[in-house]
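Protein chains in written order, with this note's numbering: chain A, 1 to 235; chain B, 1001 to 1095.
Careful, some of the hints might be misleading.
[Said to hold, decoys possible] SDA-like cross-link-like pairs, simulated, lysine to any residue; straight-line CA separation at most 25 angstroms:
id	chain 1	residue 1	chain 2	residue 2
1	A	Lys49	A	Lys150
2	B	Lys1028	B	Tyr1082
3	A	Lys218	A	His102
4	B	Lys1028	B	Glu1017
5	B	Lys1016	B	Gly1072
6	A	Lys8	B	Glu1049
7	B	Lys1028	A	Asn2
8	A	Lys49	A	Ser38
9	A	Lys150	B	Asp1040
10	B	Lys1016	A	Ala112
11	B	Lys1016	A	Glu100
12	A	Lys150	B	Arg1032
13	A	Lys49	A	Ala112
14	A	Lys8	B	Tyr1082
15	A	Lys150	B	Thr1041
16	B	Lys1028	A	Glu13
17	A	Lys150	B	Arg1074
[Unchecked claim] Pair by pair, the computed Cβ-Cβ distance ranges are:
id	chain 1	residue 1	chain 2	residue 2	range
18	A	Pro188	B	Glu1023	50 to 58 angstroms
19	B	Arg1074	A	Gly90	38 to 46 angstroms
20	A	Thr69	B	Gly1072	42 to 50 angstroms
21	B	Pro1022	A	Arg232	12 to 20 angstroms
22	B	Arg1074	A	Glu181	38 to 46 angstroms
23	B	Trp1066	A	Ala89	28 to 36 angstroms
24	A	Leu178	B	Gly1072	26 to 34 angstroms
25	B	Arg1019	A	Ala89	28 to 36 angstroms
[To be verified] Anything over 10 angstroms on all C-beta distances counts as not near chain B; from chain A, calculated:
id	residue
26	Leu11
27	Pro39
28	Ala73
29	Arg74
30	Val123
31	Ser127
32	Thr223
33	Glu224
34	His227
35	Arg232
The hints are simulated quantities; they were obtained by calculation from the structure and are not laboratory data.
For clarity, every value in this text was computed on a predicted model and none was experimentally measured.
Quick reminder that beta carbons are idealized off the backbone N, C-alpha and C, glycines included.
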Amino acid sequence: MNRVAVEKRVLSENDAVAAGIRETLGRAAALSLNFIGSPGAGKTALLEKTLERLSTQDAVAVLTGDIQTDNDARRLSRYGHPVRQITTAGACHLDARMVERHLDGWPETGLALLFIENVGNLVCPTSYDLGEDAKIVVLSVTEGEDKPLKYPGIFRKAELMILNKVDLLPYVPFQPELARENARRIHPEIDIIETSCTTGAGFDQWMNWLAARAARKKLTATTEAVHADCSRADC
Amino acid sequence: MHEMGIACSILEAVDKELRLYPEQRASKVALRIGEFAGVDTESLRFCFEAITIDSEFGPMELEIEWCRAQDGRRGDELELAYLELDDVGAKEMTA
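Chain B with its partners taken away, still in its complex shape:
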């Protein structure tokens, strides 16, 4: 089940991106997944939740845009589209 590996890669990418925003945490990560990417989105959601829920990253919402191979898209996309960031401390304040 390579979705676990992909979930870990998402977290690595988020972690790397967050170094640019030291006072913030990611509350949402948005992915773009093509129809031929070979990724089961439900498995990926399960794995992502499993590795984030009790981690320093959690809770983090995972949004997935599933896209067809059309309008210039190849259909094999597996991309991190955007992050939604909150100020550090927002997690504690809202908990």
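Here chain A stands alone, though its shape is the one from the complex:
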């Protein structure tokens, strides 16, 4: 018997594909965001309202994942931006290969912003890097305030928590402060925005977050391009 050290990530094949996606989207300076949340948290509604606020001149595209049906792609395609459905046929998460296959041609068209709506699930999508710049976790007030404690993986990895459906707060025994506190126990630096897709509450703040994040991505991409040019020119 011979023991050999390996010390590699189990999902290294997925990670390699994700790195390729990140590089391709980085060259295009396109910001990509991976939305993760329970079924019914309001991911699709959030994207609908977001697309509604973006100009059709903005180079935005959406990949939306579901186990079955293209219902979400049909909903999202009403806003004038390209949308592709990824039907996983049973898989409870998107992986980088699925994203790579469905991205076909988009990065070359001057894409600036890519939304990826993951399959509704707070556990499995957490493990898979899709080449995104940031994960966004969507939690709704019809769920429990302790979701961040029960599903710490995604709340640790997410850059932003969107607390959705806040228009329902008068009707449900949900304490937003407790949800915020729980999220920050798991991830002290997580950004938190409260939204309602029904009233539009919080959308100015969300759109500002999005604009700031896109600007940061563009700056990073420009800096990296300058460094790459510089190293090629041996300066």
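Given chain A, put chain B in place with the hints provided.
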């Protein structure tokens, strides 16, 4: 249940590693799984056994080191730590 996908990824990784050792087979694979990796270790064991038992890889023991997010660990580890290899033929000899 993404544990089945992860079990398949483990086998892919083992298969890739074994190409470096053509005269050997893996009798054990050791994983390191962080507390925030989002992996149910019992489901993973079940899936791993299901896909290896009658395959060219089986039988292969799965050892899991579950680790907390401390001492420099992030807690989201999902890593193949090491393999234990036997000479090809050892399976038949011990069967």
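* Going through the earlier hints one by one, which of them does the structure break, listed in rising order? -> The structure conflicts with hints 1, 5, 10, 19, 21, 22, 26, 30 and 31, although it agrees with all the remaining ones.
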